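A.B. asks: Residue-level listing of the chains:
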Amino acid sequence: AQKVTQAQTEISVVEKEDVTLDCVYETRDTTYYLFWYKQPPSGELVFLIRRNSFDEQNEISGRYSWNFQKSTSSFNFTITASQVVDSAVYFCALSEGGTSYGKLTFGQGTILTVHP
Amino acid sequence: GAGVSQSPSNKVTEKGKDVELRCDPISGHTALYWYRQSLGQGLEFLIYFQGNSAPDKSGLPSDRFSAERTGGSVSTLTIQRTQQEDSAVYLCASSLKGSSYNEQFFGPGTRLTVL
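Protein chains in written order, with the working numbering: chain A, 442 to 557; chain B, 14 to 128.
FYI, nobody ran anything at the bench for these hints, they're computed from the structure.
Take the hints with a grain of salt, since some may be wrong.
Partner residues aside, some chain B positions facing chain A, computed with beta carbon under 7 Å [stated by the list, open to error]:
{"hint": "1", "residue": "L56"}
{"hint": "2", "residue": "G111"}
{"hint": "3", "residue": "S113"}
{"hint": "4", "residue": "F119"}
{"hint": "5", "residue": "G122"}
Computed spacing ranges between beta-carbons, pair by pair [what the hints assert, rightly or not]:
{"hint": "6", "chain 1": "A", "residue 1": "T521", "chain 2": "B", "residue 2": "S22", "range": "47 to 57 Å"}
{"hint": "7", "chain 1": "B", "residue 1": "T26", "chain 2": "A", "residue 2": "P482", "range": "41 to 51 Å"}
{"hint": "8", "chain 1": "B", "residue 1": "G29", "chain 2": "A", "residue 2": "D459", "range": "44 to 54 Å"}
{"hint": "9", "chain 1": "B", "residue 1": "S79", "chain 2": "A", "residue 2": "T513", "range": "33 to 43 Å"}
Given the structure is predicted, the values throughout are model-derived calculations rather than measurements.
Where a beta carbon is used, it is the ideal one built from N, C-alpha and C, also for glycine.
Construct the complete structure from the given sequences, taking the supplied hints into account.
C.D. replies: Set out below in structure tokens:
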């Protein structure tokens, strides 16, 4: 069965620091997608990034970057030069490519607090 | 355009009562999902709709939970004879298609409190 683990329950940083959120996943499928979602205090989950299992190229999008390594089943997410507005709960999620219909399996979430 | 909307935003009910939670997906999205977010269990999948049919109901925790979708649009999640352990935030999401590729757009959730 699929599983997503976010070992960091809470992270606290000072503005402008870089912060990396860890995510480890388990799946038997060879085709799958990994996502990061952000949940600000308003409560609505916001899509951030997506990566498929066949593309291990790491990318940067603005202040966000991610490091996908199939060998270690990890999909870590980095925010560069953090800002107070980045304070939120961040969820890593997995969607298997078989007959999951896009169903998401979420990690437990990491609470990020950015202090001014 | 309009995002996913859910109503009510908050619902307080007494143990044993029935509740209905509503979700309006983004227009044109054929896939609709319900999730539950609680302190103890995190974010859990409940049910998936493709059009008006539900090919995956595997996450519904008991037969007290049911859901329907009409006109390929609005969905209603019904909880009968509510229990205190049903207290949670119920999130609805929609996507263009029910595939692992498509990102899901989430509504603001309904916070259910069972007294």
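A.B. asks: Next step is simple, just say for each hint if it's right about the structure.
C.D. replies: We went through each hint and held it up to the structure:
Given hint, B:L56 at the interface with chain A, holds; its Cβ is 4 Å from that chain's nearest Cβ, closer than 7 Å. With its C-beta approaching chain A no nearer than about 4 Å, B:G111 sits inside the 7 Å limit, and its interface hint holds. With a cut of 7 Å, the hint placing B:S113 at the interface with chain A holds, because the nearest CB-to-CB distance is about 4 Å. Contact between B:F119 and chain A, as hinted, is supported at the beta carbon level, the nearest pair being about 4 Å apart and thus within 7 Å.
The closest approach between the C-beta of B:G122 and any C-beta of chain A is roughly 5 Å, which is under the 7 Å cut-off, so the hint is satisfied. A C-beta distance of roughly 34 Å is found between A:T521 and B:S22, which places it outside the suggested range of 47 to 57 Å. With their beta carbons about 25 Å apart, B:T26 and A:P482 fall outside the hinted range of 41 to 51 Å. Evaluation of the 44 to 54 Å hint for B:G29 and A:D459 yields a pass: the beta carbon distance comes to about 51 Å.
For the pair B:S79 and A:T513, the supplied restraint of 33 to 43 Å holds, since their beta-carbon distance comes to about 41 Å.
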